[in-house]
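> Sequence:
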Amino acid sequence: MPPEITPIILIPAPTRLSSRRQRGGDPVTIACDFACSQLPASSVLPLVCIDEHTRDSAELGASQRRRNLSGHIVPLTHFHRGISNKLRKQCAKSTVILVDDVATTGATVAETELVAASLGIRIDMVLVLARA
Numbered sequence: 001m002p003p004e005i006t007p008i009i010l011i012p013a014p015t016r017l018s019s020r021r022q023r024g025g026d027p028v029t030i031a032c033d034f035a036c037s038q039l040p041a042s043s044v045l046p047l048v049c050i051d052e053h054t055r056d057s058a059e060l061g062a063s064q065r066r067r068n069l070s071g072h073i074v075p076l077t078h079f080h081r082g083i084s085n086k087l088r089k090q091c092a093k094s095t096v097i098l099v100d101d102v103a104t105t106g107a108t109v110a111e112t113e114l115v116a117a118s119l120g121i122r123i124d125m126v127l128v129l130a131r132a
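Under this note's numbering, the first residue of the sequence shown carries the number 1, and numbering increases by one thereafter.
To be clear, the hints were calculated from the coordinates, so they are not data collected in a lab. Hints should not be assumed to be uniformly reliable.
[Said to hold, decoys possible] Okay, the calculated beta carbon distance ranges per label pair:
(1) I5 with F34: 13 to 21 Å
(2) A117 with A62: 18 to 26 Å
(3) Q64 with R122: 24 to 32 Å
(4) R23 with K89: 28 to 36 Å
(5) S84 with D56: 32 to 40 Å
(6) R21 with N85: 33 to 41 Å
All values reported here derive from a predicted model rather than from experimental measurement. Backbone N, C-alpha and C fix where the C-beta goes; we use that ideal spot for every residue, glycine too.
Work the whole structure out from these sequences, hints included.
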């Protein structure tokens, strides 16, 4: 890989467990895994999850979505105490991309970015697979 191109880290936006069951998997993580299989020097970093008690936001307006997700997107259990310095340095030297399946109001992206920042990870860009 040319030296001017940094490694890529893809962070899948969280999907509720019940939604994963209904869909037969997590399409965002599946897309991230596929992309990384095609891109050298790339990896997937599952960083966050969504509290299962969070309402499905399909019928909610923008402000309702923000309230619904506020504080309910959290680091995965093994990151609750923070991330290692090694992982933090790896993210700092990489292009970190948050991947979401659908952009409606941006509430999921905004809340996920807050959690990433609290762990010392800078999101460089957001890739959305579809827009509602």
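> If a hint holds in the structure, say so; if it does not, say that too.
These are the hints, each one checked on the structure:
Restraint check, I5 to F34: a C-beta distance of roughly 20 Å satisfies the suggested window 13 to 21 Å. In this structure the supplied range 18 to 26 Å holds for A117 paired with A62, their Cβ-Cβ distance being about 21 Å. The hint said 24 to 32 Å for the Cβ distance between Q64 and R122, and at roughly 29 Å that hint holds. Distance hint for R23 and K89: a CB-CB separation of about 35 Å, consistent with the stated range 28 to 36 Å.
Taking the beta carbon of each, S84 and D56 are about 34 Å apart, inside 32 to 40 Å as hinted. Checked against the given bound of 33 to 41 Å, the beta carbons of R21 and N85, roughly 36 Å apart, stay inside it.
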